[in-house]
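Position chain B relative to chain D; hints supplied.
2 protein chains.
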Amino acid sequence: MSAAAPFANVAVIGLGLIGGSVGLAVREAMPDVRVTGWDADAGVREVAAKRGLAHAVPDSIDDAVANADLVVLCVPVRAMGSAAAMMAGKLKPECVVSDVGSCKVSVAEAIATALPGQTVVPAHPVAGTEHSGPEAGFATLFRNRWCIITPCEQSDVASTERVITFWRELGATVETMAPDHHDLVLAVTSHVPHLIAYTIVGTASDLEDVTRSEVIKYSAGGFRDFTRIAASDPTMWRDVFLSNKDAVLEILQRFSEDLTALQRAIRWGKGDALFDHFAKTREIRRSIIEEGQDDARPDFGRSDHLGDAAPED
Amino acid sequence: MSAAAPFANVAVIGLGLIGGSVGLAVREAMPDVRVTGWDADAGVREVAAKRGLAHAVPDSIDDAVANADLVVLCVPVRAMGSAAAMMAGKLKPECVVSDVGSCKVSVAEAIATALPGQTVVPAHPVAGTEHSGPEAGFATLFRNRWCIITPCEQSDVASTERVITFWRELGATVETMAPDHHDLVLAVTSHVPHLIAYTIVGTASDLEDVTRSEVIKYSAGGFRDFTRIAASDPTMWRDVFLSNKDAVLEILQRFSEDLTALQRAIRWGKGDALFDHFAKTREIRRSIIEEGQDDARPDFGRSDHLGDAAPED
Numbered sequence: 000m001s002a003a004a005p006f007a008n009v010a011v012i013g014l015g016l017i018g019g020s021v022g023l024a025v026r027e028a029m030p031d032v033r034v035t036g037w038d039a040d041a042g043v044r045e046v047a048a049k050r051g052l053a054h055a056v057p058d059s060i061d062d063a064v065a066n067a068d069l070v071v072l073c074v075p076v077r078a079m080g081s082a083a084a085m086m087a088g089k090l091k092p093e094c095v096v097s098d099v100g101s102c103k104v105s106v107a108e109a110i111a112t113a114l115p116g117q118t119v120v121p122a123h124p125v126a127g128t129e130h131s132g133p134e135a136g137f138a139t140l141f142r143n144r145w146c147i148i149t150p151c152e153q154s155d156v157a158s159t160e161r162v163i164t165f166w167r168e169l170g171a172t173v174e175t176m177a178p179d180h181h182d183l184v185l186a187v188t189s190h191v192p193h194l195i196a197y198t199i200v201g202t203a204s205d206l207e208d209v210t211r212s213e214v215i216k217y218s219a220g221g222f223r224d225f226t227r228i229a230a231s232d233p234t235m236w237r238d239v240f241l242s243n244k245d246a247v248l249e250i251l252q253r254f255s256e257d258l259t260a261l262q263r264a265i266r267w268g269k270g271d272a273l274f275d276h277f278a279k280t281r282e283i284r285r286s287i288i289e290e291g292q293d294d295a296r297p298d299f300g301r302s303d304h305l306g307d308a309a310p311e312d
Numbered sequence: 000m001s002a003a004a005p006f007a008n009v010a011v012i013g014l015g016l017i018g019g020s021v022g023l024a025v026r027e028a029m030p031d032v033r034v035t036g037w038d039a040d041a042g043v044r045e046v047a048a049k050r051g052l053a054h055a056v057p058d059s060i061d062d063a064v065a066n067a068d069l070v071v072l073c074v075p076v077r078a079m080g081s082a083a084a085m086m087a088g089k090l091k092p093e094c095v096v097s098d099v100g101s102c103k104v105s106v107a108e109a110i111a112t113a114l115p116g117q118t119v120v121p122a123h124p125v126a127g128t129e130h131s132g133p134e135a136g137f138a139t140l141f142r143n144r145w146c147i148i149t150p151c152e153q154s155d156v157a158s159t160e161r162v163i164t165f166w167r168e169l170g171a172t173v174e175t176m177a178p179d180h181h182d183l184v185l186a187v188t189s190h191v192p193h194l195i196a197y198t199i200v201g202t203a204s205d206l207e208d209v210t211r212s213e214v215i216k217y218s219a220g221g222f223r224d225f226t227r228i229a230a231s232d233p234t235m236w237r238d239v240f241l242s243n244k245d246a247v248l249e250i251l252q253r254f255s256e257d258l259t260a261l262q263r264a265i266r267w268g269k270g271d272a273l274f275d276h277f278a279k280t281r282e283i284r285r286s287i288i289e290e291g292q293d294d295a296r297p298d299f300g301r302s303d304h305l306g307d308a309a310p311e312d
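First to last, the protein sequences are chains D and B.
Heads up: the first sequence at position 200 corresponds to 199 in numbering that gives the first Met the number 0, and the numbers run straight through without jumps.
Heads up: the second sequence at position 268 corresponds to 267 in numbering that gives the first Met the number 0, and the numbers run straight through without jumps.
By construction, these hints were calculated from the structure, which means they are not laboratory data.
There could be a bad hint or two in this list.
[To be verified] 16 Å max Cα-Cα, derived EDC-like pairs, lysine to aspartate or glutamate:
hint	chain 1	residue 1	chain 2	residue 2
1	B	K279	D	D205
2	B	K279	B	D257
3	D	K269	B	D245
4	B	K89	B	D68
5	B	K91	B	D68
6	D	K89	D	D62
7	B	K91	B	D62
8	D	K279	B	D205
9	D	K279	D	D257
10	B	K89	B	D61
11	B	K269	D	D245
12	B	K244	B	D179
[Said to hold, decoys possible] Covered by chain B, per the in silico footprint, the following chain D stretches (three or more residues, Cβ under 8 Å):
hint	region
13	222-230
14	258-271
Keep in mind that this is a model prediction, so the values were computed, not measured.
C-beta atoms are modelled at their ideal positions from N, C-alpha and C, and glycine is treated no differently.
This is chain D alone, in the form it adopts within the complex:
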């Protein structure tokens, strides 16, 4: 075990995009750490073994977690409780249980209920792509991305520090936050944007007067930016919305009020109100680019890859 590695044996439960990336990243960053992996789906376990997402991918979850010093739950947020329940009585007493869920209040509760007495340190790496499954992960997914740790009642200071070190070793920048504040911040920056993208993509594909082929053809006008996040894993996102219901509904309500105001400005021909709103939102983009959270090149730079120009309008 390398000097910096905070856990000698790590078990990753759930081997999709995030779990697979955790396995690969641990193997790359902490070569002396032993990684076991498990997934409820035998087909996923097979791909995971072939891709080397872990040193070993046993058929039984008991074998996967028996020797673990850290278990990282990488299943959809509504499956966290039952995944944790499967390990009850199988973990070493000193084993730390963590997860990667996008909602922290409900997940911490579910894990704590399933594993009373076990140390639990919830975490959320704010990283991912629109792809999913055991083929989608890669070792550098967390590098230079944020990872938010949300200590709960079953966390202790020393274990929290070890989980922080673990994520730093994977390349992430770590921040700690109260679980309920995390859920509100993520409702704004991630959950509601996803719901809106899912909605508009659905609306566009259900129109009678505009064909689906027209929507696809002229998507470079802005629409296609939404389709990327609306292509994310449906199970994961169903669970996120059900688990972070209150914060999501609260932010959606604000969004609807703001949309109604702009709608009225259009109906009444209030050009100044529209202009003022549109000028303000430019600032946010500028800050995101200054903070290194996005690509400053026009059109995300993707056009180079499309062969040529930079679409939109």
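Showing chain B alone in chain D's frame:
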């Protein structure tokens, strides 16, 4: 004049992102064509002359259009009528007037009213970036992008063919469409997505419980995809919404109904309804990628440029 060039003298009025790109693209694709440019803003004319967006950028619009065989109006859609009015009586009788506006019904009417008797062939290159101004244009902007031609009452077949050839020479793939159908299609694929992006970015920046710095920090969760199009030119977009009011309000109404349905599914815990909706929208993304309208790499491939990983979640 090269064999293929359909117009010997082209005047570009308005030298922002699109006008500047038209100038540069004509100079590159049709080197024998003479391009003159004009902008109402003296500072823009100065930059345009320095960047060589046209062969000549005279101070007077009269000088810019006097010898033109084609005038391309590249001003915000609500300024089209007054820009056209400035040329009344200054154009050669056989000069064809075109434009690049994102709304076609209102623009065709405005130009036709300002220039009775002149041949008018409206066009809309579905291309652009979130950047604007005379520094933003580049010669390859229209390459492999769609350009929609919407013939109107003042169009004739021969002039329409010449405008089609003009855009093909600039690298675009040309489609013709009725003006009102264009406005509906673009409301879906471009105008409403922009309004929604402007709205959510505004909502996020106005919350009391979540700081602006948190929004920016964790924007890789999905939010930052919206900020790109919400950074587009405010004047252009104010005009688009006021000029395509009916189609925009109609599509917004559909969107609001769909959002309400998903909101209710979340409130009532209807996981299956959410899952079914989210699974469906994946298809659209797949088709857009198959049609070559977007980059298939995870996260638009932008992460390579950010130094490392592929964020989101």
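Practice task
Could you tell me which of the hints above the structure violates, numbers in ascending order?
Solution key: none
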